[in-house]
Amino acid sequence: AQSVTQPDIHITVSEGASLELRCNYSYGATPYLFWYVQSPGQGLQLLLKYFSGDTLVQGIKGFEAEFKRSQSSFNLRKPSVHWSDAAEYFCAVGLSGYSTLTFGKGTMLLVSP
Amino acid sequence: DAGVTQSPTHLIKTRGQQVTLRCSPKSGHDTVSWYQQALGQGPQFIFQYYEEEERQRGNFPDRFSGHQFPNYSSELNVNALLLGDSALYLCASSSFGQGEAFFGQGTRLTVV
Chain A
1 AQSVTQPDIH
11 ITVSEGASLE
21 LRCNYSYGAT
31 PYLFWYVQSP
41 GQGLQLLLKY
51 FSGDTLVQGI
61 KGFEAEFKRS
71 QSSFNLRKPS
81 VHWSDAAEYF
91 CAVGLSGYST
101 LTFGKGTMLL
111 VSP
Chain B
114 DAGVTQSPTH
124 LIKTRGQQVT
134 LRCSPKSGHD
144 TVSWYQQALG
154 QGPQFIFQYY
164 EEEERQRGNF
174 PDRFSGHQFP
184 NYSSELNVNA
194 LLLGDSALYL
204 CASSSFGQGE
214 AFFGQGTRLT
224 VV
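Residue numbers (our numbering), protein chains in the order written: chain A, 1 to 113; chain B, 114 to 225.
Hints may be right or wrong, so weigh each one.
Stated by the list, open to error - Quick list of in silico lysine-lysine cross-link-like pairs, BS3-like style, CA-CA up to 27 angstroms: (1) A/105 to A/61; (2) A/105 to A/49; (3) B/139 to A/61; (4) B/139 to A/105; (5) A/49 to B/139; (6) A/61 to A/49.
By construction, these hints were calculated from the structure, which means they are not laboratory data.
Using the sequences and the hints, build the whole thing.
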């Protein structure tokens, strides 16, 4: 069975600083990989996805993620964090061709002034 | 495009009662999946409906059941509610065979 590990429960970043959120997955084949963001009391918004091809994917709001097969990782990055980026971020893996997702436990991003 | 809509937004039920949550998928989508998100956790897959049939199911008891209607909308039913069923229930829609899912705002269920 697939699994997703987000090792950081909370991360605090100063506004304007760079951000990297870690995600490791366990899966027998090349999975579909996703990053979602959730603001308090809200549903999930898709930031970006990787299905195949270029291992560096661009998403919305200036986010990008890099798929590294050798490390089973799909880390999320942003060069300059804004206060409005404070939210919880979830990494997820899906089976090819289906939309059932396995999520990590999430990383809460706090942005300090 | 209204996106994925869920109702109600909040609900309070008593232990042992039954509850029905509703979801309308994004226009053009034919597949609905339901997830349970407990406080401080990531969403967990409950089941997926396509062509009015349950196609996949996660590790949830039979107290959790669902239905999909011909217009692709869906219901999640939970019987004999337990305190541990308190959670945010998320509905996601997609086109069958494609991996990208769009989520609704969720229904916050509190069992007292």
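Here's how the hints hold up against the structure:
1. A/105 to A/61: Holds. Residue 105 of chain A to residue 61 of chain A sits at ~22 angstroms (cutoff 27 angstroms).
2. A/105 to A/49: 18 angstroms, holds
3. B/139 to A/61: 22 angstroms, holds
4. B/139 to A/105: 26 angstroms, holds
5. A/49 to B/139: The given pair, whose Cα atoms are some 19 angstroms apart, holds under the 27 angstroms limit.
6. A/61 to A/49: 14 angstroms, holds
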